[in-house]
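Peer 1: If you're matching them up, the sequences are chains A and B in order. Each residue of the first sequence is one higher than the one before, starting from 1 at the first, in my numbering. Each residue of the second sequence is one higher than the one before, starting from 1001 at the first, in my numbering.
Derived from the structure by calculation, the hints contain no laboratory data. Hints are not guaranteed to be accurate.
[As the list claims (entries may be wrong)] SDA-like, lysine to any residue: derived pairs with alpha carbons at most 20 angstroms apart:
id : chain 1 : residue 1 : chain 2 : residue 2
1  : A       : Lys14     : B       : Lys1009
2  : B       : Lys1029   : A       : Asp16
3  : B       : Lys1009   : A       : Glu177
4  : A       : Lys55     : B       : Ile1035
5  : B       : Lys1009   : A       : Ser43
6  : A       : Lys55     : B       : Gln1007
7  : A       : Lys180    : B       : Glu1028
8  : A       : Lys180    : A       : Val164
9  : A       : Lys55     : A       : Glu129
10 : A       : Lys55     : A       : Ser116
11 : B       : Lys1009   : A       : Lys59
12 : A       : Lys26     : B       : Gln1007
13 : B       : Lys1009   : A       : Val111
14 : A       : Lys189    : A       : Arg173
15 : A       : Lys26     : B       : Lys1009
16 : A       : Lys125    : B       : Phe1027
17 : B       : Lys1009   : A       : Asp83
18 : A       : Lys55     : B       : Met1001
19 : B       : Lys1009   : A       : Arg109
20 : B       : Lys1029   : A       : Leu73
21 : A       : Lys59     : B       : Ala1041
22 : B       : Lys1009   : A       : Arg130
23 : A       : Lys26     : B       : Ala1041
24 : A       : Lys180    : B       : Ala1039
25 : A       : Lys168    : A       : Glu149
26 : B       : Lys1044   : A       : Asp58
27 : A       : Lys55     : B       : Leu1034
28 : B       : Lys1029   : A       : Lys154
29 : A       : Lys180    : B       : Asn1002
Owing to the predicted nature of the structure, the values given are computational and were not obtained by experimental measurement.
One-letter residues, chain by chain:
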Amino acid sequence: MDRSEAELIAAVLKGDSASFEPLVAKYSPRVFATARRYARRESEIEDIVQEVWLKAFDKLRTFRSEAPFEHWLMRLAVRTCYDFLRGHQRNRESSFSEISEPEEDWLERFVADPSSAAEDADAAKLLIERVLEKLSPSARLVIQLLEIEDRSVKEIAQITGWSVPLVKVRAFRARGEMRKILSRMAQAKYL
Amino acid sequence: MNLAELQQKLIAAARVNPPDERVPYAFEKRITALIAARAAAERKMLWTQGLWRAAASCVAVAVICGTVSFFMPAAADNSNDLSQEFENTLLASLDQADVAP
């Protein structure tokens, strides 16, 4: 943590709430990117980020300066996103019938020849978003952190506040859940 | 369809498409304004809560006094009437002035 950042935090803790603004300006891009991993609509993303910053302001006293402020903030952001997922579980009930044409094409290309289906295609991105939306909140969080962001089990335990064995159990279940969703999707499209 | 391969492919797709870091215009100003507004609202709420508590206490005292005075038996002897005694004491000098000439 650089000195100016420590000074800003100290000033906020002394009651100067205007000193919080540079911190918001500096870290908002990362918080927005994190929120976009868990929510799709821009209004929901803004709500999440706003909540993260309000929580950060309220809990700033609990921040210990031994660790970087960014790590503390990201932990708060991920936990807020998890709370958001738990509060918005209704999206999981939808079926795969609404898959768009490009997504269907991508799947067909994958079935014909897996290597011909490009990973950087927009359709693949939409498809993984659709699959992630159908996962339970804990499974989605684990898949996101472990598989997509490539974080270690220990790191995930620190971020989520879960124990290491619990993360491992949830990771195992999450992979199974994802496999089940993919199998449902395959059945809906190809049976 | 090889589901394990599809799973790996989709996860790879998520990795190569990281979410963008775009921030709405003047977002930090919005947060600062929200914090300031919230602080003002909290102060107002604190006052309101205090006044409501004071009002509730006053009502409770009034109810207790009313109940006590309603259920207390009226004193048979007027000389024990506190208000009468208070009046007598207050007007004692005037009473004496009337008697003196």
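Peer 1: A separate judgement is required for each hint: does it hold in the structure or not?
Peer 2: Comparing the hints with the structure gives:
Between A:Lys14 and B:Lys1009, the direct Cα distance comes to roughly 50 angstroms. Violation of the 20 angstroms bound is thereby established for this hinted pair. Between B:Lys1029 and A:Asp16 the alpha-carbon distance is near 15 angstroms, which keeps this suggested pair within the 20 angstroms criterion. A hinted pair counts as satisfied when its Cα atoms are at most 20 angstroms apart, and B:Lys1009 with A:Glu177 qualifies at roughly 16 angstroms. For a cut-off of 20 angstroms, the pair hint linking A:Lys55 to B:Ile1035 stands: about 11 angstroms separates their Cα positions.
Restraint check for B:Lys1009 and A:Ser43: the C-alpha separation of about 30 angstroms exceeds 20 angstroms, so the hint is violated. For the suggested pair A:Lys55 and B:Gln1007, the alpha carbons sit about 35 angstroms apart, so the restraint of at most 20 angstroms is broken. Restraint check for A:Lys180 and B:Glu1028: the C-alpha separation of about 42 angstroms exceeds 20 angstroms, so the hint is violated. Under the criterion of a C-alpha separation no larger than 20 angstroms, the hint pairing A:Lys180 with A:Val164 is inconsistent with the structure, at around 24 angstroms.
Proposed proximity of A:Lys55 and A:Glu129 is contradicted: the alpha carbons are some 27 angstroms apart, above 20 angstroms. Under the criterion of a C-alpha separation no larger than 20 angstroms, the hint pairing A:Lys55 with A:Ser116 is inconsistent with the structure, at around 45 angstroms. Restraint check: the Cα-Cα separation between B:Lys1009 and A:Lys59 comes to about 40 angstroms, which exceeds 20 angstroms; the hinted pair is violated. The hinted pair formed by A:Lys26 and B:Gln1007 fails the criterion: a straight-line CA distance of about 35 angstroms is larger than 20 angstroms.
As the CA atoms of B:Lys1009 and A:Val111 are separated by approximately 12 angstroms, the hinted pair is consistent with the 20 angstroms bound. Proximity of A:Lys189 to A:Arg173 is assessed by CA-CA distance (about 24 angstroms); at most 20 angstroms being required, the pair is judged violated. Distance check on the hinted pair: A:Lys26 and B:Lys1009 sit about 34 angstroms apart at the alpha-carbon level, beyond 20 angstroms; violated. Our distance criterion of 20 angstroms between C-alpha atoms is broken by A:Lys125 and B:Phe1027, whose separation comes to about 27 angstroms.
For the given pair, B:Lys1009 sits about 28 angstroms from A:Asp83 by alpha-carbon distance, which is inconsistent with the 20 angstroms threshold. At most 20 angstroms may separate the alpha-carbon atoms for a hinted pair to count; A:Lys55 and B:Met1001 exceed this at roughly 45 angstroms. Taken as a hint, the B:Lys1009 and A:Arg109 pair is honoured in the structure, with Cα atoms around 12 angstroms apart against an allowance of 20 angstroms. For the proposed pair B:Lys1029 and A:Leu73, the alpha carbon gap of about 19 angstroms is at most 20 angstroms, so the pair holds.
Of the supplied pair hints, the one linking A:Lys59 and B:Ala1041 holds, its CA atoms being roughly 19 angstroms apart against a limit of 20 angstroms. Between the alpha carbons of B:Lys1009 and A:Arg130 the distance comes to roughly 14 angstroms, so the proposed pair stays at or under 20 angstroms and holds. Restraint check for A:Lys26 and B:Ala1041: not satisfied, since their Cα atoms lie roughly 27 angstroms apart, outside the 20 angstroms limit. Only pairs whose Cα atoms come within 20 angstroms are accepted, and A:Lys180 paired with B:Ala1039 is rejected, the gap being roughly 48 angstroms.
Under the criterion of a C-alpha separation no larger than 20 angstroms, the hint pairing A:Lys168 with A:Glu149 is consistent with the structure, at around 16 angstroms. Between B:Lys1044 and A:Asp58 the alpha-carbon distance is near 18 angstroms, which keeps this suggested pair within the 20 angstroms criterion. For the hint pairing A:Lys55 with B:Leu1034, the CA-to-CA distance comes to about 12 angstroms; that is within 20 angstroms, so the pair holds. Between B:Lys1029 and A:Lys154 the CA atoms are separated by roughly 36 angstroms; this puts the pair beyond 20 angstroms, and the hint is violated.
The straight-line distance between the Cα atoms of A:Lys180 and B:Asn1002 is roughly 13 angstroms, inside the 20 angstroms bound, and the hint therefore holds.
Hint compliance for this structure: hints 1, 5, 6, 7, 8, 9, 10, 11, 12, 14, 15, 16, 17, 18, 23, 24 and 28 are broken, all remaining hints hold.
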